[in-house]
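Participant: Listed below are the residues making up each chain.
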Amino acid sequence: MSSGLVWLTILVLSVFVGIEVISKVSSTLHTPLMSGANAIHGVILIGAVLVAGSATSTPVLVLALIAVLLAAINISGGFVVTDRMLRMFVRRRPELPGPGQETGTATGTATGTTPGSPTGRDPR
Amino acid sequence: MTTPTWAQLAYLVAAVCFILALKGLSSPRTARRGNLVGAVGAVLALVTVFVAGFAFGTLRHLVPILVALVIGLAVGAVGARRVKMTQMPQLVALFNGVGGGAAAIVAVIEVGELLGREAGPGRLVALVAGGFTIVVGSVSLSGSVVTFAKLQELMTTRPVVFPGYRPVYAPALVVTVVCTVLLVVRPSLWLALVLVALGLLLGVLLVLPVGGADVPIVISLLNAFTGLTVAASGYVLGNTLLLVAGTLVGAAGTLLTLLMARAMGRSVANTLFGALSGTSTLGGGTVSDRPVRSAGPADVAIMLGYADRVIIVPGYGLAVAQAQHTLRQLVDVLISRGTRVDYAIHPVAGRMPGHMNVLLAEAQVPYEQLKEMTEINPEFAQTDVVLVVGANDVVNPAARTDPSAPIYGMPVLDVVEARQVVFMKRSMRPGFAGIENALLFEPTTTLLFGDAKDTMGKLLAEVKAL
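Protein chains in written order, with UniProt numbering: chain W, 1 to 124; chain A, 1 to 466.
Mixed in with the good hints there might be a few duds.
Simulated crosslink set (BS3-like; lysine-lysine; CA at most 30 Å straight-line) [what the hints assert, rightly or not]: (1) A/453 to W/24; (2) A/371 to A/453; (3) A/464 to A/453; (4) A/464 to A/371; (5) W/24 to A/371; (6) A/23 to A/84.
What the hints contain is simulated information worked out from the structure, not anything from laboratory work. Being a predicted model, the structure only gives us computed values, none of them experimental.
Between the sequences and the hints, there should be enough to build the whole structure, so can you do that?
Facilitator: Structure (structure tokens):
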């Protein structure tokens, strides 16, 4: 298989995985999910570091460093703000150690109308 | 750029982390863990790129790179920690924009590199991917900046369409496509920079006509765009992690955009172009002088205190006024008096889907009191008093009854069915969608004017005194 085909295969499979993994999200989690996905595309940071590391002229290096800076803001801010949002949902369960353990019974349906636990805080 | 096998494997692990992160984030039980798994994947990828570069001597300029990296990481983390929860949507928009900008810059540099390479099918595809990344990354950057300005209310939240809009939009689109083709056929750095400028222009033009209430859908769409640019960069750089991560975000982001649009009863096309085709009315934002009924906190306290069934409809204004804590106390007092109280949460209450749940969770409102729209809508007809605090568009009956309204078709809370409605408002100013609320003029509606926090405090004192 030529390398071009390998890339195409990865691309197509990733599309299906991307759609499949979030197809059952409840509407309550739309915002954190968007924010989390936003953090993940901050991985362009790797690309920025690679081009900065192979820069051969000063203008290119400066441009690449700006890219590193922007991508770093994207990735760290993205994960931190997502965590902050999600922390709000689990704060009121002090008797349980760690986030999200046994804090919900259902995971929400595609329409997000499961009354039990879209935020993971069941009445006990 | 060759990557050693162990580094490839580390990237594969990071990619799996990202898949598990998205999977975790789509279920409430695992959401926080999912986000942490994603962060672990990101750290692993970052360590890998440095260790591999250091071990093989392929990474030069280590010190300036580390400096830029540390500054960026610190700025992002501090910004994310400091921001008020009410301003979180615009921060997410900004983070998305800088990501798109980074992708565009990387692509410009790579196109510069490709100039020196021999022509062939490999270079051709790389140039297509590079051109795509430059344009879409720039669109994402400038579009996100405009959404930021709209959410921060630095500019009007209403759709903006200027007279020369259509004559500019279509040609700009055509010129961009032509320039992208030219870049592939006869690549030059100059063309790459022209594409950056065109992308920035298109991003602004894309977001300007979007009304304030639809902005979350656009942020999600731009988020998906940025994902696709990262995927394209992965191909150009020969990095599988970028390809997988970017494609994941692109695909998941596109689906999420459609889901969000459906939750708001809008199509994505109507969101973006509604203002252009005229299906979204631009007029109607004027404050009318129709008569309304208003009352003081003491009267409203009596209404609430002697009601059997009360539903609270919280909106963005509640959070802005930081009145959610006082509101919770009020609800606690009402419940102790034997009143049944619930909160009705519209799917897009606040500025994003799920935003209101976050804000109320911050005020320690018990989750079981939060009712989703489909669950609570049949109950309004049997409700004595509905207290609307800082919400507006999501209770506007015009979305059901008036086909000319910009929000027509959006699912709304059936507050109008209730026996009495108390509308807590700062002024008669229209809501985020910029349209007047017909509910304000209903005979069953009473207005309680004033700052939400201040008035809520008075209301609490009056109810306690009953």
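Participant: Determine for every hint whether it applies to the structure shown.
Facilitator: Hints, verified against the model:
1. A/453 to W/24: 37 Å, violated
2. A/371 to A/453: Within the cut-off at roughly 23 Å; holds.
3. A/464 to A/453: Between residue 464 of chain A and residue 453 of chain A the Cα gap is close to 16 Å, so the pair holds against 30 Å.
4. A/464 to A/371: Roughly 25 Å between the alpha carbons, so the hint for residue 464 of chain A and residue 371 of chain A holds.
5. W/24 to A/371: Status holds; Cα separation ~20 Å.
6. A/23 to A/84: 27 Å, holds
In the structure shown, a violation is registered for the earlier hint numbered 1 alone.
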